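Peer 1: Each chain, letter by letter, is given below.
2 protein chains.
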Amino acid sequence: MIANITLNWPSVIEFGVGKVKTLATHLKDNKRIYFLADPPIMSTIKPLIDELKGHGKEILVSNEVVPEPPFEALEKLLSGVSNFAPDCVVGVGGGSAMDLAKLVAVLFSREQKITEVIGIDQVKRRNVKLITVSTTSGTGSEVTPIAVLTDVANKLKKGVVSKYLVPDVAIVDPALTLSLPPAVTAATGMDAMTHCIETYTNKFSHPIIDNLVIEGVRLLAANLERAVTHGDDLNARTACALGSLYGGLALGPVNTAAVHALAYPLGGEFKISHGVSNSVLLPFVMSFNLPSCVEKYKNIGNALGINCDCADEKIARKAIMKIKELSNACKIPAGLKELGIPENAIPHMAESAMKVTRLLNNNPREVTLKDATAIFQMAYNGVIDL
Amino acid sequence: MIANITLNWPSVIEFGVGKVKTLATHLKDNKRIYFLADPPIMSTIKPLIDELKGHGKEILVSNEVVPEPPFEALEKLLSGVSNFAPDCVVGVGGGSAMDLAKLVAVLFSREQKITEVIGIDQVKRRNVKLITVSTTSGTGSEVTPIAVLTDVANKLKKGVVSKYLVPDVAIVDPALTLSLPPAVTAATGMDAMTHCIETYTNKFSHPIIDNLVIEGVRLLAANLERAVTHGDDLNARTACALGSLYGGLALGPVNTAAVHALAYPLGGEFKISHGVSNSVLLPFVMSFNLPSCVEKYKNIGNALGINCDCADEKIARKAIMKIKELSNACKIPAGLKELGIPENAIPHMAESAMKVTRLLNNNPREVTLKDATAIFQMAYNGVIDL
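In order, the protein sequence lines correspond to chains L and B. All residue numbers for the first sequence refer to numbering that gives the first Met the number 0, where the first residue is 0 and numbers rise by one. All residue numbers for the second sequence refer to numbering that gives the first Met the number 0, where the first residue is 0 and numbers rise by one.
Looking at chain L on its own, in the form it has when it is part of the complex:
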């Protein structure tokens, strides 16, 4: 029987070119608005902010977005915003900007401390409106109940998962991604691909989500390389934005698995960006998961454009190779070595990854410490062996 599921999505999702302009409408009833915006997007949203000020609204803007944000970065933002007491928080940017904005929205009242909300369902409430505008394709954070912080002292990424982090309004305007540099387009695009694949092959996958993410795989496979090499191609950008949105919609109801769990130490210890970490690990974790995922990888293979009259397992293997090829074509570093991670860090990284049980529990194949070590070892040289 079709399993139970709770879909907790923004009540409004604005998708499409030029949709950033709907922001004014969604802020109509707000009087004190806090913007947290990635610096490169400021020139795009400045006219809107000026217009809002012209309508007598109080606006506070911060551009202090730190990649893979540590607790301290959030603490600093909270100090700046608590006295302002906004009635709406708007996060404009990539995953870091949106994650920080989501956390500011639930924490600025100082009712709870950062450390008190780490984990699942620890946030008590949110009293203000929350809007996200994504400028990458992408983390999917614009529609998820998740925000991730870096615990620098413990060299770990820590997740906050709560329905109160789901924004009221999410705006996905592909035109905002036109100026993204190729490396960011590649890493965020492969991150979105990882979301689609890890939710589709998830132990808790669900047909409602499968419909979306398999289409996400298709869109990203067909358009990501083009978006990387021809950043001004709005068709390719729009297709990638939709693929990314599909991946994002899957993260709340199903969430990711071993790729993300293993990627955490790369970010936590070596400050490798979330997108790059996932992209590098994806084909190696897929290879590890193959025995548990033949039929699903076959479907992914079809969505990747593989049409051969051969056994399911062969299509499944081709699917993994295709992901690796796409990653190479997008100039994602091949492996951990190329990322500058020392080989002797592997045992420690494997131990760290094993702590991310929240995500490892979702993986279609059980991952032991030995398995995690072996996957990192395979990913070290970056050569896939199928």
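Among the clues, some could well be false.
Some, not all, of what chain L presents toward chain B, calculated at C-beta under 10 Å [to be verified]:
#1 Asn-7
#2 Trp-8
#3 Gly-15
#4 Gly-17
#5 Lys-162
#6 Pro-181
#7 Val-183
#8 Asn-210
#9 Leu-211
#10 Met-353
#11 Lys-354
By construction, these hints were calculated from the structure, which means they are not laboratory data. These figures come from a predicted structure and were not determined experimentally. C-beta atoms are modelled at their ideal positions from N, C-alpha and C, and glycine is treated no differently.
Position chain B against the provided structure of chain L, taking the given hints into account.
Peer 2: Quick look at chain B alone, frame taken from chain L:
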């Protein structure tokens, strides 16, 4: 390029067997709750209502749900609830119960009259929480921005479309549909099928919605007859509930077309239920639309289980026949004659239908008065001629 779209869905959708029990959680913060419930569901929700009362909540329950509700029925409900001043309105039932609950939620404050909210975006605001629990599969009303009333004086159905009618929480629990009689299962199931087909072939169709509704067609085609003939089959009921939910999610962003427009006079003038009206007309409108929909009907045909190595147009025709066969297998009346509608009512019904421009504008093929008359004429005898 992929077109723009606004998705305005409930921020929480609870799908699955037993999910009605989540209602208590969603009412946690409410103190004065108004229930509008279809009489047959009362025995199911009474324990929950008693529990809520036990927790000190004020509860007002009405069972005055009228099928194809006229303005007067809503007016009567509003008189009963205005003094109660609820902080949450819960609609439990089929389309009529949910539509009425949605309208009560926006109108009980008496800031606007019923006649002032007819049409698109006329509702000014909603100040209370709104929850829908659907007991049919279905109208999809649990997730839509739409409520439909009957204007008895003018013998017309009139729609209210507003983002304020989108519930905060929608609960779709297939177990609640187990006791539905075969005729209601059939009519509501074919209504859901109509939603999927009319949004898929819509002039304003969108890939986000296409993904959902084509799967809705597949689920309903594979499970509806079983749900009609074996009402206690929870697998079939769950599949139909999901198909219906997909259709519902499509109605806000894309909405229906000529089937629904032509169905309005059947309800408005002859009190034929919404589901039966749509079911009877669906194959005949599909036949009229065929020249504009060959490729889409081919895809629908595939989703209906038609796999033949023949030309697209042939599969498209087979798809229409398959819908007619499914309708017959579910014992939906064959045509207008069988519904007791006199043949001489056709010209007047066609004129009425032409007024529903809101939906006719979505149709893939332009419908003139002459076309509408011809479609009704074909549907009169109930024999499809392809």
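Peer 1: Each hint should be assessed against the structure and marked as holding or not.
Peer 2: How the hints compare with the structure:
About 5 Å separates the beta-carbon of Asn-7/L from the nearest beta-carbon of chain B, less than 10 Å, and the hint is met. Annotation: interface hint on Trp-8/L holds; nearest CB of chain B at approximately 6 Å, less than 10 Å. Interface restraint check: Gly-15/L against chain B, minimum CB-CB distance 3 Å, threshold 10 Å, status holds. Interface hint at Gly-17/L: satisfied, since its Cβ lies 7 Å from the closest Cβ of chain B, which is below the 10 Å cut-off.
Taken as an interface hint, Lys-162/L checks out: its beta carbon lies about 8 Å from the nearest beta carbon of chain B, inside 10 Å. The beta carbon of Pro-181/L comes no nearer than 21 Å to any beta carbon in chain B, farther than 10 Å, and the hint placing it at the interface is violated. Annotation: Val-183/L was flagged as interfacial toward chain B, and the flag is violated, the nearest CB pair being 21 Å apart, outside 10 Å. About 5 Å separates the beta-carbon of Asn-210/L from the nearest beta-carbon of chain B, less than 10 Å, and the hint is met.
For Leu-211/L, the shortest C-beta to C-beta distance to chain B is roughly 6 Å, which falls under 10 Å, so the interface hint holds. Contact between Met-353/L and chain B, as hinted, is not supported at the beta carbon level, the nearest pair being about 32 Å apart and thus beyond 10 Å. A distance limit of 10 Å between C-beta atoms decides the matter here; for Lys-354/L the minimum to chain B is near 30 Å, and the interface restraint is violated.
When each numbered hint is compared with the structure, violations occur for hints 6, 7, 10, 11.
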